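K.L.:
Chain by chain, the residues run as shown.
2 protein chains.
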Amino acid sequence: MSRLEDALRETVEAVTKEIEHLLPSGEGLDQRLFEAMRYALLAGGKRLRPFLVMSSAGLFNVSKESALRVAVAVELVHTYSLVHDDLPAMDNDDLRRGKPTCHIKYDEATAILVGDALLTLAFEILGDKKTHSDPEVRCNLVTSLAGSAGAQGMVGGQAIDLAAENEDLDIGAIIRLQRLKTGELIAFSCTAGAILGHAPEPAHHALQGYAHDLGLAFQITDDLLDTLGDEADLGKRAGKDADLGKATFVSILGVDRAQEQASMLADQAVSHLDIFDEKADLLRDVARYVIERQN
Amino acid sequence: MSRLEDALRETVEAVTKEIEHLLPSGEGLDQRLFEAMRYALLAGGKRLRPFLVMSSAGLFNVSKESALRVAVAVELVHTYSLVHDDLPAMDNDDLRRGKPTCHIKYDEATAILVGDALLTLAFEILGDKKTHSDPEVRCNLVTSLAGSAGAQGMVGGQAIDLAAENEDLDIGAIIRLQRLKTGELIAFSCTAGAILGHAPEPAHHALQGYAHDLGLAFQITDDLLDTLGDEADLGKRAGKDADLGKATFVSILGVDRAQEQASMLADQAVSHLDIFDEKADLLRDVARYVIERQN
Numbered sequence: 035m036s037r038l039e040d041a042l043r044e045t046v047e048a049v050t051k052e053i054e055h056l057l058p059s060g061e062g063l064d065q066r067l068f069e070a071m072r073y074a075l076l077a078g079g080k081r082l083r084p085f086l087v088m089s090s091a092g093l094f095n096v097s098k099e100s101a102l103r104v105a106v107a108v109e110l111v112h113t114y115s116l117v118h119d120d121l122p123a124m125d126n127d128d129l130r131r132g133k134p135t136c137h138i139k140y141d142e143a144t145a146i147l148v149g150d151a152l153l154t155l156a157f158e159i160l161g162d163k164k165t166h167s168d169p170e171v172r173c174n175l176v177t178s179l180a181g182s183a184g185a186q187g188m189v190g191g192q193a194i195d196l197a198a199e200n201e202d203l204d205i206g207a208i209i210r211l212q213r214l215k216t217g218e219l220i221a222f223s224c225t226a227g228a229i230l231g232h233a234p235e236p237a238h239h240a241l242q243g244y245a246h247d248l249g250l251a252f253q254i255t256d257d258l259l260d261t262l263g264d265e266a267d268l269g270k271r272a273g274k275d276a277d278l279g280k281a282t283f284v285s286i287l288g289v290d291r292a293q294e295q296a297s298m299l300a301d302q303a304v305s306h307l308d309i310f311d312e313k314a315d316l317l318r319d320v321a322r323y324v325i326e327r328q329n
Numbered sequence: 035m036s037r038l039e040d041a042l043r044e045t046v047e048a049v050t051k052e053i054e055h056l057l058p059s060g061e062g063l064d065q066r067l068f069e070a071m072r073y074a075l076l077a078g079g080k081r082l083r084p085f086l087v088m089s090s091a092g093l094f095n096v097s098k099e100s101a102l103r104v105a106v107a108v109e110l111v112h113t114y115s116l117v118h119d120d121l122p123a124m125d126n127d128d129l130r131r132g133k134p135t136c137h138i139k140y141d142e143a144t145a146i147l148v149g150d151a152l153l154t155l156a157f158e159i160l161g162d163k164k165t166h167s168d169p170e171v172r173c174n175l176v177t178s179l180a181g182s183a184g185a186q187g188m189v190g191g192q193a194i195d196l197a198a199e200n201e202d203l204d205i206g207a208i209i210r211l212q213r214l215k216t217g218e219l220i221a222f223s224c225t226a227g228a229i230l231g232h233a234p235e236p237a238h239h240a241l242q243g244y245a246h247d248l249g250l251a252f253q254i255t256d257d258l259l260d261t262l263g264d265e266a267d268l269g270k271r272a273g274k275d276a277d278l279g280k281a282t283f284v285s286i287l288g289v290d291r292a293q294e295q296a297s298m299l300a301d302q303a304v305s306h307l308d309i310f311d312e313k314a315d316l317l318r319d320v321a322r323y324v325i326e327r328q329n
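Protein chains in written order, with the working numbering: chain A, 35 to 329; chain B, 35 to 329.
These are computed hints drawn from the structure, not numbers from a lab.
Do not take every clue at face value.
27 Å max Cα-Cα, derived DSSO-like pairs, lysine-lysine [what the hints assert, rightly or not]:
{"no.": "1", "chain 1": "B", "residue 1": "Lys280", "chain 2": "A", "residue 2": "Lys139"}
{"no.": "2", "chain 1": "A", "residue 1": "Lys274", "chain 2": "A", "residue 2": "Lys51"}
{"no.": "3", "chain 1": "A", "residue 1": "Lys163", "chain 2": "B", "residue 2": "Lys133"}
{"no.": "4", "chain 1": "A", "residue 1": "Lys80", "chain 2": "A", "residue 2": "Lys98"}
{"no.": "5", "chain 1": "A", "residue 1": "Lys98", "chain 2": "A", "residue 2": "Lys139"}
{"no.": "6", "chain 1": "B", "residue 1": "Lys280", "chain 2": "A", "residue 2": "Lys163"}
{"no.": "7", "chain 1": "B", "residue 1": "Lys280", "chain 2": "A", "residue 2": "Lys164"}
{"no.": "8", "chain 1": "A", "residue 1": "Lys280", "chain 2": "A", "residue 2": "Lys163"}
Pulled from the structure, derived: some chain B residues nowhere near chain A, Cβ distances all over 12 Å [claimed, not checked]:
{"no.": "9", "residue": "Glu54"}
{"no.": "10", "residue": "Ala70"}
{"no.": "11", "residue": "His118"}
{"no.": "12", "residue": "Asp141"}
{"no.": "13", "residue": "Phe157"}
{"no.": "14", "residue": "Arg172"}
{"no.": "15", "residue": "Leu214"}
The structure displayed is predicted, hence computed values, not measured ones.
In this text, a Cβ means the ideal position worked out from N, Cα and C, and glycines have one as well.
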């Protein structure tokens with residue numbers, strides 16, 4: 035897996051540098067806001083979504099600068115969602131990636147504003163000329179990300195997750211919940227390269243199929259790690275869903291079948307990539323990585 | 035003022051109809067989110083920002099559909115900012131426009147998600163082909179709105195406002211705070227018509243000058259209403275800033291000088307419109323209205 039590890043490390047470095055470059059800074063009374071934005075963004079993380087953007091862009095000869103800017107936009111949206119989800123009124127988490135969450139390190143009001151500012155900045159970056167010379171491409175990125183992130187995507191998934199605490203979800207309902215809550219943003223990440231590269235429809239379609247299966251494999255693995263994982267590895271509280279009595283893939287399928295299902299989905303994700311040559315090898319590798327990771 | 039009143043009423047009706055059209059609806063577990071989004075958006079309000087979009091678009095022969103969609107996008111951003119500002123961790127307000135605020139009517143988690151979803155939807159609307167045939171125009175709308183609404187605009191203003199509770203602001207600092215917190219979104223509303231209509235630079239510039247003065251006149255009047263106003267008229271708690279010991283235009287200038295200042299700024303705003311013919315009369319009228327309103 036060393037090819038993948040090198041590529042992942044390279045993405046983490048490039049994305050971190052680009053985040054430093056794109057974040058606002060200042061000296062006034064708003065300095066605390068800018069600091070908290072940096073804190074939330076630079077607290078580590080695998081940068082899986084940026085990696086998917088970079089890897090899908092790599093299939094279509096997209097310039098590295100374009101891809102990096104979109105990668106950062108996705109990471110801003112992902113980070114905003116974590117900051118808001120961690121709030122006391124939501125999941126009430128004190129720890130994220132082994133560090134105090136944004137509202138613990140700063141305060142609740144600042145954490146709300148950090149999320150708002152990160153989300154807004156993502157769209158500012160995508161709309162900017164520097165992201166792509168073709169404004170039609172930039173508009174497609176904006177509407178596609180907004181669709182994935184909004185009420186009929188990630189935010190809708192989070193709303194269903196909140197409502198689900200009082201409901202007995204079946205496997206179909208959980209699949210829908212997770213497709214919205216995590217799958218949609220992963221799907222945007224995988225198809226962003228196709229948008230940037232004016233890719234033909236079949237390529238776009240293949241990446242969507244890949245993303246769909248990958249997202250589900252990712253979520254099942256998250257549920258497995260939450261059940262079996264080590265808190266020190268996870269950097270956050272484990273076993274939380276079970277404590278809340280929430281239905282998860284593991285609570286419904288059991289550990290063994292959940293593991294089988296994740297493995298099957300990873301294989302299925304890879305099979306969508308058959309139309310691509312060895313340029314897609316990193317995407318093939320990451321499908322395995324997603325189900326074999328320890329955090 | 036009947037010409038203005040008719041135009042304001044017409045905007046309220048058209049915007050309300052377009053909001054109903056653009057909001058998602060559904061039957062699943064996410065229904066509560068969609069309901070809460072409608073509640074926040076349809077709780078009344080003067081629709082001042084949409085009116086400024088419609089009026090500025092009227093100067094440049096922009097299609098009504100284009101202008102309405104941008105008007106709704108601005109109102110989504112304005113409403114999201116109110117929903118988040120009202121949260122217990124922020125201003126902790128129970129009443130808005132005479133009705134329970136979103137987190138009182140629903141719950142805190144839902145109110146956070148409502149704000150997130152409204153903000154995201156605004157960008158989805160602006161990026162969509164239906165808003166304008168020229169993708170360059172749509173990108174300009176996206177980046178301009180994001181700049182006005184984000185960490186270096188409205189959200190930054192809100193962060194400074196939070197920090198200001200412990201600071202003794204002078205008049206310059208208050209002007210900056212208010213320019214960010216309310217002025218930037220008003221400025222976007224006034225210049226959106228120029229973006230939509232490919233207006234020449236001097237027209238764009240004139241509208242920016244108008245918006246700057248209008249925004250400040252608006253905020254001084256808000257402070258005056260907060261000091262002198264009737265709670266029943268305001269539909270929210272009065273005298274709150276004074277209770278918090280926050281510096282406002284009124285606490286620094288006194289009532290008489292604040293009134294003079296607002297009036298002077300309204301005149302100055304109107305003077306920026308000299309390059310336009312009678313098509314700009316509604317914008318001229320609204321500058322008076324902004325300082326003479328009772329809520």
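K.L.:
Holds or violated: lysine 280 (chain B) with lysine 164 (chain A), Cα cutoff 27 Å?
P.N.:
It is violated: about 41 Å lies between the C-alpha atoms, which goes past 27 Å.
K.L.:
So if I understand the rule, the pair passes when the alpha-carbon distance is 27 Å or less; does lysine 274 (chain A) with lysine 51 (chain A) pass?
P.N.:
violated, 34 Å
K.L.:
Report holds if the minimum CB distance from phenylalanine 157 (chain B) to chain A is greater than 12 Å, and violated otherwise.
P.N.:
Phenylalanine 157 (chain B) is in fact no farther than 12 Å from some Cβ atom of chain A, at 4 Å.
K.L.:
With a cut-off of 27 Å on the C-alpha distance, tell me whether lysine 163 (chain A) and lysine 133 (chain B) pass.
P.N.:
This hinted pair is violated, its Cα atoms lying about 42 Å apart.
K.L.:
Straight-line Cα separation of lysine 80 (chain A) and lysine 98 (chain A) no greater than 27 Å?
P.N.:
holds, 19 Å
K.L.:
Alanine 70 (chain B) clear of chain A by more than 12 Å, beta carbon to beta carbon?
P.N.:
violated, 9 Å
K.L.:
Within a Cα-Cα threshold of 27 Å, do lysine 98 (chain A) and lysine 139 (chain A) meet the stated pairing?
P.N.:
violated, 34 Å
K.L.:
Is lysine 280 (chain A) within 27 Å of lysine 163 (chain A), Cα to Cα?
P.N.:
Roughly 44 Å between the alpha carbons, so the hint for lysine 280 (chain A) and lysine 163 (chain A) is violated.
K.L.:
In terms of Cβ atoms, is chain A entirely out of 12 Å range of arginine 172 (chain B)?
P.N.:
Label violated. Min Cβ-Cβ 5 Å, cutoff 12 Å.
K.L.:
Would the hint linking lysine 280 (chain B) and lysine 139 (chain A) be met if the CA-CA limit is 27 Å?
P.N.:
holds, 25 Å
K.L.:
Should the label of leucine 214 (chain B) as a non-interface residue stand, given a Cβ cut-off of 12 Å to chain A?
P.N.:
About 8 Å separates leucine 214 (chain B) from the closest Cβ of chain A, which leaves it inside 12 Å; violated.
K.L.:
Would you check whether the claim that histidine 118 (chain B) is not at the interface survives, using Cβ distances to chain A and the 12 Å cut-off?
P.N.:
violated, 6 Å
Violation of the numbered hints given earlier is confined to hints 2, 3, 5, 6, 7, 8, 10, 11, 12, 13, 14 and 15; the remaining hints are satisfied by the structure.
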